[in-house]
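Going down the list, the sequences are from chains X and W. For what it's worth, our numbering labels the leading residue of the first sequence as 277, then goes sequentially. For what it's worth, our numbering labels the leading residue of the second sequence as 85, then goes sequentially.
If you're looking for bench data, these hints aren't it; they were derived computationally from the structure. Only a predicted model underlies this, so the values are computations on that prediction, with no experimental measurement involved. Warning: the hint list may mix true and false statements.
What the hints assert, rightly or not - Covered stretches of chain W (in silico footprint by chain X; criterion: 3 or more residues with CB under 8 Å from a CB of chain X, positions within the stretch not fixed):
1. 127–134
2. 190–199
Stated by the list, open to error - Sample of chain W residues with no beta-carbon within 12 Å of chain X, all distances over it, derived:
3. Thr104
4. Glu110
5. Thr114
6. Gln123
7. Gly146
8. Tyr148
9. Ser155
10. Ala165
11. Asp170
12. Val173
13. Asp186
Ideal Cβ placement from N, Cα and C applies to all residues, glycine included.
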Amino acid sequence: SAVISQKPSRDICQRGTSLTIQCQVDSQVTMMFWYRQQPGQSLTLIATANQGSEATYESGFVIDKFPISRPNLTFSTLTVSNMSPEDSSIYLCSVERDFITEAFFGQGTRLTVV
Amino acid sequence: AQKVTQAQTEISVVEKEDVTLDCVYETRDTTYYLFWYKQPPSGELVFLIRRNSFDEQNEISGRYSWNFQKSTSSFNFTITASQVVDSAVYFCALSEVKTSYDKVIFGPGTSLSVIP
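Only chain X is shown next, with the shape it has when bound in the complex (with noise of 0.2 Å):
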């Protein structure tokens, strides 16, 4: 298994403004997704990271909202901009091992905009 941490594990913060998640594992894999889970909903990916490469957006998600770093292997960041009350959600930070199809979760932040 793998052990990942991400910080902040929740904020409160104001419109308008950005936060950067972190997200930390203890060893290295090859991919880092992004998740967000809105109130009451379920995991929608926001991006997959690949060190030395841009992130990959799903639909409905660009770049500009949620720039994605990933500078090595065993980290990467997210960074809600602009924000506004409809990102008030929970971000998970997930990896999976080479060939190894499995997900595995940190624990998550927990936003809220106000």
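Using the hints provided, position chain W relative to the given structure of chain X.
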């Protein structure tokens, strides 16, 4: 298109009852994985099981059991002798095989409440 359906939005059972959570999936892939995750009120996502499409054996782990039936595209999850700690939202998920990674598609979830 890949899709996961969990028809039961909410289920309530009395402690010690058995409960089955339904999951039906759609995929064109011949190779895929199915998952179950538990999300307790604290919010973290807990991995429960992964099953690949070529392994239709049912699995039992303590009070948990899973019934995979390819013929009906179902991957149901049964909790035997439910406990209050089983109260959570349960997600069924399906991997979609991409070129360099597998995209996991989640069902809408079933909220289980176990009443003491």
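Hint-by-hint comparison with the structure:
1. Beta-carbon proximity to chain X at under 8 Å applies to 5 residues in the segment 127–134 of chain W; the threshold of 3 is reached and the given coverage holds.
2. Counting residues of the segment 190–199 of chain W whose CB lies closer than 8 Å to any CB of chain X gives 4, so the stated coverage by that chain holds, three being the minimum.
3. No Cβ of chain X approaches the Cβ of Thr104/W within 12 Å, the least distance being about 20 Å, so the stated non-interface status holds.
4. Listed as a non-interface residue, Glu110/W keeps its Cβ farther than 12 Å from every Cβ of chain X; the least gap is roughly 16 Å.
5. No Cβ of chain X approaches the Cβ of Thr114/W within 12 Å, the least distance being about 15 Å, so the stated non-interface status holds.
6. Residue-level check failed: Gln123/W sits 8 Å from the nearest beta carbon of chain X, not beyond 12 Å.
7. For Gly146/W, the non-interface assignment is confirmed: its Cβ lies about 18 Å from the closest Cβ of chain X, beyond the 12 Å cut-off.
8. At roughly 17 Å, the least C-beta separation between Tyr148/W and chain X is larger than 12 Å, which holds for a residue marked as non-interface.
9. For Ser155/W, the non-interface assignment is confirmed: its Cβ lies about 23 Å from the closest Cβ of chain X, beyond the 12 Å cut-off.
10. With 12 Å as the threshold on Cβ separation, the claim that Ala165/W sits away from chain X holds: the shortest Cβ distance comes to roughly 27 Å.
11. Asp170/W, annotated as away from the interface, keeps every beta carbon of chain X farther than 12 Å; the closest lies near 19 Å.
12. Distance check for Val173/W against chain X: the nearest CB is about 9 Å away, which does not clear 12 Å, and the non-interface claim fails.
13. The non-interface label for Asp186/W is inconsistent with chain X: the shortest C-beta to C-beta separation is roughly 5 Å, within 12 Å.
Taken one by one, the earlier hints fail for this structure at numbers 6, 12, 13, listed in ascending order.
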